[in-house]
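Here is what each chain is made of, one letter per residue.
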Amino acid sequence: MLLPISEPKLPATWQADALARLMPGETVLAALELDLDARLQFARGLLLLTPCRLLACSPDLSWQEWPLAAGLTLRHSDHAGVGSLELVDTSGRLAHWRYTLSQNLAALRLISEFERHVEALLTGQPPATPEEEVCATCKAPLPPGEDECPICARELHEAPSTWTLFRLWRFAKPYRWQLVSGFALMTGATAATLVPPYLTMPLMDKVLIPYQNGQPLNTALEIKLLAGLFGAALLSWSLGWAKTYILALVSERISADLRTTTYEHLIKLSLEYFGGKRTGDLMARIGSESDRISVFLSMHALDFITDVLMIAMTTVILFSINPWLALVTLLPLPLIMWMIHTVRDRLRTGFEKIDRVWGEVTNILADTIPGIRVVKAFAQEKRETQRFREANAHNLAVNDRINKTWSLFSPTVTLLTEIGLLVVWAFGIWQVSKNDITVGVLVAFLAYIGRFYTRLDSMSRIVSVTQKAAAGAKRIFDILDHVSSVPEPVKPVPLPSVQGSIQMREIGFRYGNRSVIRNLSLDIKPGEMIGLVGHSGSGKSTLVNLICRFYDVSEGAIMIDGVDIRSVAIADFRRNIGLVLQEPFLFFGTIAENIAYGKPDATRAEIIAAARAAHAHEFILRLPQGYDSIVGERGQGLSGGERQRVSIARALLIDPAILIMDEATSAVDTETEKEIQRALDNLVQGRTTIAIAHRLSTLRKADRLVVMDRGQIVEVGNHDELMAAEGAYWRLYQAQLRNAEQNLLEGGE
Amino acid sequence: MSAPLNVNFSLERNAFGQLVLIDANGIRHEGVTPVRANPISAPLEGIALMSTEGHEVAWIELLAWVPAPLRALIEEELSTREFMPEIQRLNKVSSFATPSTWEVETDRGTASFVLKGEEDIRRLPGGILLIADAHGIQFMIRQLSALDRHSRKLLDRFL
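For the record, the sequence lines run as chains F and W.
Going by the UniProt record's numbering, the letters in the first sequence line up with residues 1 to 749, in that order.
Going by the UniProt record's numbering, the letters in the second sequence line up with residues 1 to 159, in that order.
What the hints contain is simulated information worked out from the structure, not anything from laboratory work.
Given the structure is predicted, the values throughout are model-derived calculations rather than measurements.
Yeah, the Cβ is synthetic: ideal placement off N, Cα and C, and Gly gets one too.
A hint or two may mislead.
To be verified - Capping the alpha-carbon separation at 16 Å, the derived lysine to aspartate or glutamate pairs in EDC-like fashion look like this: (1) F:Lys-599 / F:Asp-655; (2) W:Lys-116 / F:Asp-481; (3) W:Lys-116 / F:Asp-655; (4) W:Lys-116 / F:Glu-272.
Said to hold, decoys possible - Among the chain W residues that face chain F by a calculated CB cut under 8 Å, a handful are: (5) Thr-52; (6) Arg-108; (7) Gly-109; (8) His-135; (9) Ile-137; (10) Gln-138; (11) Arg-157.
So that you can see chain F by itself, here it is in the shape it has in the complex (with noise of 0.2 Å):
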C-alpha cells in the first residue's frame, strides 16, 4: 500500500542510477547519500529504501540488498560527527554503512519508515500512517496549511556580502534630509575654498607684475581682490562650520542606533550562541567597533567626499584656465590612484587580523579577571602574565608587519607629489618662456595643485580607515546576520492561559557532535510535579534548556497545552515559565527590582507578597535600607540561601503555571536547605513543576520521579515504587543513604 507522504528526492547525481535498479511501480520510500565508506574515507555511496527491501550502492558502483523481514532492524549510533547504521538480524551483522552527520536527517527519516515497514510485515497490518502531517526532517507537526517547516528551512550557510559598509545605509535612511543638507553645505565650502588660488592670477599678473615693470600700484583692484580672499575664506569657514556639525550629529546618531540595534538583536540569540561566544569578543564589537564605524563616518568618509569635490572642481577650474597645463598636472594622479589599489587588500587583510589579535587580548582579560580567585589560589600569576605577554606579542607582530607595507605607502605619496610639482614648474617655466601662459596662471597652478596633492595624500590614507571600518561593520553585521537558533516563529500561535501540560515526543538532542538527549517522550500533565534524578552529565539541566526554549530540540517537539512551543512567540511562552536556578544571578540593583525583574509594573504589595512567599521578606527587612538594598555585583553581599530565596520571590511574582527548579537547593547548608523548601514548597502549590535534585530526599513531594541516565529516561515512578522496582533509583538512593550514613558516624566521632 502506497502512503501519503511525498517521495523523498533522490540526490541528483544518483537519479538515473537508482531508478534504473527499482522494480516498475517501485516507489522509493527513503533515501540517504552515503559521503564516508566502512574505512571513513569521504566517498560516495547510497541507500535506499522501498516498501519491499533495502537497496546499498558501495562507492565503487556495486549495489546490494536486503528484502525487508520481520526480525530486521536498523541500529543507529553517532560518535564525533560520524553517524553508523548497522542492519542487524537475531543472529548477527549484515551491513554496516557510515556518513557524516550532515546526512543525519536523511537517515533518520530512513530508519523511522524502515521500521515502520518492517513492524507491517510483523503485524500483517499495512504500516500505520503517521498520526499527523509532520516535517519529514524533524518530526515537528507542521503548522496547517503550510508544506514546509519553518524551523527546518532556516539554516543559515551563506556568508554576508563583502560590501559591508553600504549596509549601514539601513541605518542613515532617517537621517537622509540631514545628509542632502549637509552634502549641500559641503559643496558650498568646498567652492569657497578653490576661490583664494583663482584670485593670485590677477592679483600677479595685474597688480604686482606691473608695478614691477615701473607702473603705479592698482589699489582700487588691490583691494577688491584681497577682499574677494577675505570673504572667500569667511563663506568657507561658516560653512565648513555648519556642515561639520551636522554631519557629525548624524553619523554619531547612525553609530548609536547601530550600537542599540546590535545589542537588542544579540540578546534575543540563543544560549547556544553566547556558549561559543567569549564575552570580550562581543562587547569590543558593540562597543569600540560602532565607534570605530561613528569617527569614519563623521571623520574619515567625509573627508573624503570632500577631497573628491574638491578635486573634481579643481580638474574643471584647471582645464578652464589651461588644457594643457592641465593635462601635465593631473598625469601623475593615475599612479597615485593605482598605487592605492594595490596596497587595499593588503591592508585590509592586515587590520582584520589586527581586531582579531586585539580581540584575544581582550579574552585573555576576560578570562582571568573573573577567574582572579583561581589564580591567585594556585599561584599563577606569571603563567597568566606570560599568556598576556604572548597575545601582545602576537599583536605586535601582526602590527609590525602591516607598518611595514603602511610605512612605505605614505612617503611613496608624498615623493610622487614632490615630483608632480617639479613637472608642473618645469612644465610651466617653458609655457611661459613660450608666452603661452602668464606668470599669475603659473602660481594660480600651482597655488592649486599645492592643495590637490595635499588632499591626494591624505586621500591614500581613506584605504586604511575605510577597511578598518569595513572590518568593524562586517564584525558587526555578522552578529547582526546571525539568525537566532530559537527563531520567533513567523506565524505565532497564540498562547491563552496556560493549563500546564507539558509533552515531550521523540526529543532528541544534540550539542556540537555530542548526543545529549536521545529519543525521550514524557507527558506531564497540569499541576504534576515531576523529579528529575540521574547522575551529573545525564542529560538532567539540558532537558530543563529544552523545555525552557533556551535552545530547540534537534529532533522530535516539545509541547505545552498540546501546541509545538516553537510556534508560539517566545516571550509569550516564557511568561508561563518560572525558574528558579542553582546560582541565583541577582543584577545590579535594589531587592526590589530584582524581585520584580520578571514583572516590571508589579506593585510594591505585591513585591512584598511574594517575598513573604518566599521566606525573603524577614531578612530583607534586617537589610539598612529593607527593600531598597542594592544588591548584585558591586552592592551589598547576600548569602546563597538569602540570594536563592530573593530568586524564588522572584519567580513567584510571575505566577507562572510551569515551574523549574535546576538544583535550587544544592549550593546550601541543611539549615538553609530547609528555609528555602519551605519557600519552595509554597511556590509549587498548584503548578506544574519540574524539580532537578541531586539530593533525593528533597524531592520527596514528586508526583512522579523520572531516571534519567545518559539522556534517555530509565525509569518513572514514584518514590515507593522505584525502590520495590530495585532499578536505577534504588542504586542512587542507597549509595545516598550510604553517604548519609557515612557522613553521621564521622560527625559523631
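Got chain F; can you put chain W on it based on the hints?
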C-alpha cells in the same frame, strides 16, 4: 622497549561486529569500545576499553605493549570510530566572512564543509589547529607551515 606486557583480558569479535572483552574473572563484556585518552597529543598511549554502559573495563598504558592479535582488533575498531580528517590543502573557501564553505583535500579524500565562525578554529598546544564544522566534525591541521602557500594564504584570513 620492554617486551609486550601480558594483558589480563582477551578480546574477540562477535557476529554483530562488536568487540567482546573477557576479563580476568571470565566475565564477558559485549560491545566494548576502545577510546584514546589523548587522541591528538599522544594517540598511542593510554587507551581505555569502555563498556556499553560507559564504564572503563580495561586500561592499556601503551598500545605497543599489547600482543599483536589483540592490538589488531583494537586498531581495527579504532579505525572505524575515529574520524578526524587531516587537512592537507585548502582548495577554495566561499568567502572570508563566516559562515564559509571550505573545499579541502584531506588524508581521507576531498571534502567540503561549512565553518560557522572563526571561533570554531582552535589552536592546540604544539601548533595544531582543530577546525570544527557546522556538524561537529573535527578537521585537523597538524602543521600550519607544512601547508602549501595557497592554503596558508587562505587560512591566514581566518586566523
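Which hints from the list above does the structure break, by number from lowest to highest? Hints 3 and 5 are the ones this structure does not satisfy, whereas the remaining hints hold.
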